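*Asks:* Using the hints, build the complex out of the two chains.
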Amino acid sequence: MIQVEGLTKIFHDKKRGKIVAVNNLQFNCQKGQVFGLLGPNGAGKTTTLRILATMILPTKGEIMVNGLNIVKHAAKVRRQIGFLSSETGLYDRFTPRETIRFFGRINGMEDKIIEKRMAEIFQNLDMEDFQDVRVNKLSTGMKQKLSIARSIIHDPSVLILDEPTVGLDIITARTVIEYVKSFRDQGKCIIYSTHIMQEAEKLCDMIAIIHQGNLIAQGTLKELKKNSPFDDLEEIFFELINQGEN
Amino acid sequence: MSWKNIKLIFIKELLGTIRDRRTIIAMIIIPLIFYPLLFAGIGYFSKLGSIKSEEAASKVIIDGVEFAPQLVNYLREYEKIEILIIEDDSHAKLQNGDIQAILVIPPDFKYKIEQGEPNKLILKYDATEAKSRIAKQRIDQVIEKYKSEILFQKLSRLDLKEEFLTPLILQEENIATAKKMTGAFLATLLPYLIIILIFTGAMHTAVDITAGEKERGTIATLLVSQISRLEIVLGKCFAVMLISFTSMVLGLFGLTLAFLSGTSIAGGIEGLQFGISINSIFLFFLVLFPLVGLASAVLVMVGIYARNIREASSYIIPIYMLTIFLGIISISQGMELTGKMFLIPVLNSSFVFKELLMGKIYWNHIITTFSANIIIAGIALFGATRLFNKEEVLFRS
Ligand SMILES: Nc1ncnc2c1ncn2[C@@H]1O[C@H](COP(=O)(O)OP(=O)(O)O)[C@@H](O)[C@H]1O
Ligand SMILES: [Mg+2]
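Heads up: the sequence lines are chains Z and R, in that order.
Here the first sequence stands for residues 0 to 245, where the numbers follow numbering that gives the first Met the number 0.
Here the second sequence stands for residues 0 to 396, where the numbers follow numbering that gives the first Met the number 0.
In isolation and in its complexed conformation, chain R is listed as follows (with noise of 0.2 Å):
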């Protein structure tokens, strides 16, 4: 095995990888300018929105002002409240969205007040305009203003102070730091996109330089050369790995910047503060690159296996299914691996990015994952090279 004969062919493969538009478009336009400004957009146009629904004041139909002229004077004085006379076909107004809420206040509403009975008011809003939830925001905060003006009111009366009604506090102190939560925060979500980003990132080049190379009958030229099957698959597995860790960091780069770019414009995040240190993060690589050489060796496998590109992408199909599986069960909450259980692929990973987001470092699991990685890496590698010693494999049909 000759190392000038693997980079030989990790390079040409690199080469021919960056001048396929395919994969510029999928590793950089995509995460860096597509994500940023499609995010950008959602947090522009959200915000635009609720600005707008947010300035306009809400015009609120009364049915019963006659009745509690108290309420209906403070309502009156909310600034954003408008009071529209009752009509018949006020339902319908309310249905087309002309008006956002009707209030209905019974006719006994002030003889209940004063005997101390309970009180019913109804407010018909519509869930699903945005315009309609806010009225009914507005009428709610007036509602709680005149509600605890009536307790005092009965308060005084019976000579008992306001303290009176919270004879209980309970007072909640976060101990978590900004960092582990910061942390907790990415570990529901980083590790799932990693996974992810790494067998999308791999998939494409890994068929195209295996399947494709086989359609396109470019393999046979490189049968009859110096260079060693073995040293053929390692190349191919290196660029393919290269490749896939790459897209990743691209990824996540380009998913940072439109969280970024989405949030500020809606209005920003605060309290994120990074705390992981030195020693986490070499860690996270030392577990991530078993991964990312186990993805890129699969995928090299199965693209020497199959006959055409297209059957290499019918094969891919269910090994990326797999892989988001085990993705989603790695970011479900309360789920929680045992020792033996680090010993399956992809999410043994998942699990031990997490630990380490949240500031933990389990040697046992960080041990057991890199290895099962590394050995099942390391027998599909051992398998691609056994395929591309069979002819009946290399020139199938």
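Pulled out of the complex, with its shape left as it was, chain Z reads as follows (with noise of 0.2 Å):
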């Protein structure tokens, strides 16, 4: 379960001077559920995720995965989480099966359940034909799937996916979403970032509309369209921002 309350984040940048990356969000986050974090490009959805997996340290606000607080307890909290996003890549000179070993490993699995696991994810994501080929040759589609083989080894409860889809061909996102929806009925608490309508419409179970740093709406689809005179997640999202700047 995540916890986020009053999360703010600030760049210093040489050029642009201050800025708000994110500003005082607060949400939760279920076990079995998919939070949507939906906003476009620059609205401060990959700031957040990196906060929340502990790559970058938030400037304020206090977060807490499975009840710990992820800037005290960092190395227990990434025990605990998946990452995954468009920009994570893969070691092209290694082969599926020595990627998630080396990933294993360094999330501190041993070996021989490393093996087990590995065994089950490449049946479930159906993997096994190319197990041994080096990523280089593997075709986007297999490399997602790998991607996502890489993410979830280590057994995490809570899974952190930024914008899983960008740049895949409609096939391959379609998997990928499946995935998520399989990992939900695991009972995972998934949280996703995306900036398409149609994606968050499908598959999440709770929407926090997100626009320059700032959280404008949060509810279930349902709860969203309740309290708008639009019917379609795209009209609300362009109402609300609308709103927002006047």
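Simulated from the structure, these hints should not be mistaken for lab results.
Computed from a prediction, not measured in an experiment: that's the story for all the values here.
Note that the Cβ used here is the ideal one computed from N, Cα and C, for glycine as well.
It cannot be assumed that every hint is accurate.
One-sided excerpt, in silico: chain R residues whose CB lies under 8 Å from chain Z [to be verified]:
| # | residue |
| --- | --- |
| 1 | L7 |
| 2 | R18 |
| 3 | E172 |
| 4 | T176 |
| 5 | A177 |
| 6 | L222 |
| 7 | V223 |
| 8 | S224 |
| 9 | I226 |
| 10 | F281 |
*Replies:* So this is what it looks like as structure tokens:
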């Protein structure tokens, strides 16, 4: 479970000066739920998720993952999260099996357990045919499966997915979404960022709309629709943004 | 800090590097195959060339054959000189390489010799042509012979002995042993080669596993794991150290092969005798390892700081130039370092290498060099870890 309270992140950029990338965010994400962070480019999605994944520190705010403060117990928190984004690359010169072994080991797993889980995951994701082919010879779809496998090898209870379908063809993107659903059904807590309305509509149990670092609406799709004259997430989204700017 | 985690990163980087075709080409194919073949080829063709120009007889035109019949006879007797008749365009022929030299004998040649006056012959040749240079040497020999003959005749006419001409003889004795000569020979070149090979060996890998990892976006996945950032930096740095050391060893081995294959074809070298003591070898490595560590740590730090591989390369060029500069200073003759100058990294190691190769052990130099380089390497590692903790460095776009 993820609890975010008063999360703020300020960058100091030489050229642009002070940038409030995330401003006073507040949300919770439960087990067995896909929590969607919806917002256009530059809204602050990646920054939020990097903070949740302990890659960067928050300027302000308190964030708990499964009851652990992510700043004070970063190492313990990392053990419980899997992170995947469109930018997390793979090592070209390793095979899927080597990749997964490496990530299992750096997550402190024992070899015997790694092998067992790897076999299961490869079977589930239908990866056995290419498990010994070097990554640079794999198709985009195969690579994305490997990325997913990489992020769940240590059986994290929390998945942090930052626009995992960006740059994928529709078939691969659909597969990714199917897997996200199945992880939800396994009871994982999933936080999923996207700028694509249809994706949020199809996948997310809860949606938080952020714009320029601010949370402008939050709720289930139903709740969002109830509070708006519109019936379509896209319309709701633009209405909220316009309101915010006025 | 756990060695297990450092080892995980270390092995991952080594495996990745070994599987990179560019590394294999740079580390193995170029030094072990390309250099020896290149040198052997150069040796072979230069030998082929010199055999050819030495086998052929030199074509020489003598202007004024009739004025010095005796000298001309000597020249005729010389097997590999062929005397041609003078023609109007003999100059053009020399320029075209049809003939190799023109010897001009003045009309008063005989008269001057009899009078004991200085006599002048003119030899025209082309110093840029190997064949022409050989013709000059041959004619020189004959003229030397003729000259001493004239001298002896004059001496005997005056009733003087041959020794009259050499009242003083300076006999030189080189007390340097073959071992020392070899050491001195190596000392002029080896330190420079070692430094360059260490840096070039470390460069590619250091950039590839730092800036390259940023560029490919794999770094984020390392950060969300149980490995600390210090462990990541150390694992990477050790991997670069091993690659750098290995490429230096392979590079030296290849250059030795190249040198031997080149010279054995071209005629061989004599009197090479290695005489470096076990102690010196031990000290050599004691100084070498901090240098390898220093190069790796600095390059890893730069690689972590850079946004991408291209930026890293542009930062490394000045560092590389500086290294070459320090290397060149160290091989220039007559340069001496004083106490405090052994604190200057790279330069200090190369001077200690030089001293050790010459069979000299100065403890203060060794200790200063060792500590200075270790400390700077440590600072660079610390800096690299600090950079790795900075979000604005890790996630710059
Ligand atoms: N390391 C950084 N330094 C300075 N500014 C940053 C940094 N990372 C992100 N930003 C800025 O913060 C804002 C939010 O970016 P980001 O979180 O990447 O948005 P999103 O993922 O929603 O597109 C943008 O204005 C971006 O330029
Ligand atoms: Mg983003």
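*Asks:* Evaluate each hint against the coordinates.
*Replies:* A quick look at each hint next to the structure:
| no. | hint | result |
| --- | --- | --- |
| 1 | L7 | holds, 5 Å |
| 2 | R18 | holds, 4 Å |
| 3 | E172 | violated, 61 Å |
| 4 | T176 | violated, 51 Å |
| 5 | A177 | violated, 48 Å |
| 6 | L222 | holds, 5 Å |
| 7 | V223 | holds, 4 Å |
| 8 | S224 | holds, 4 Å |
| 9 | I226 | holds, 5 Å |
| 10 | F281 | violated, 36 Å |
Consistency note: the structure conflicts with the earlier hints numbered 3, 4, 5, 10.
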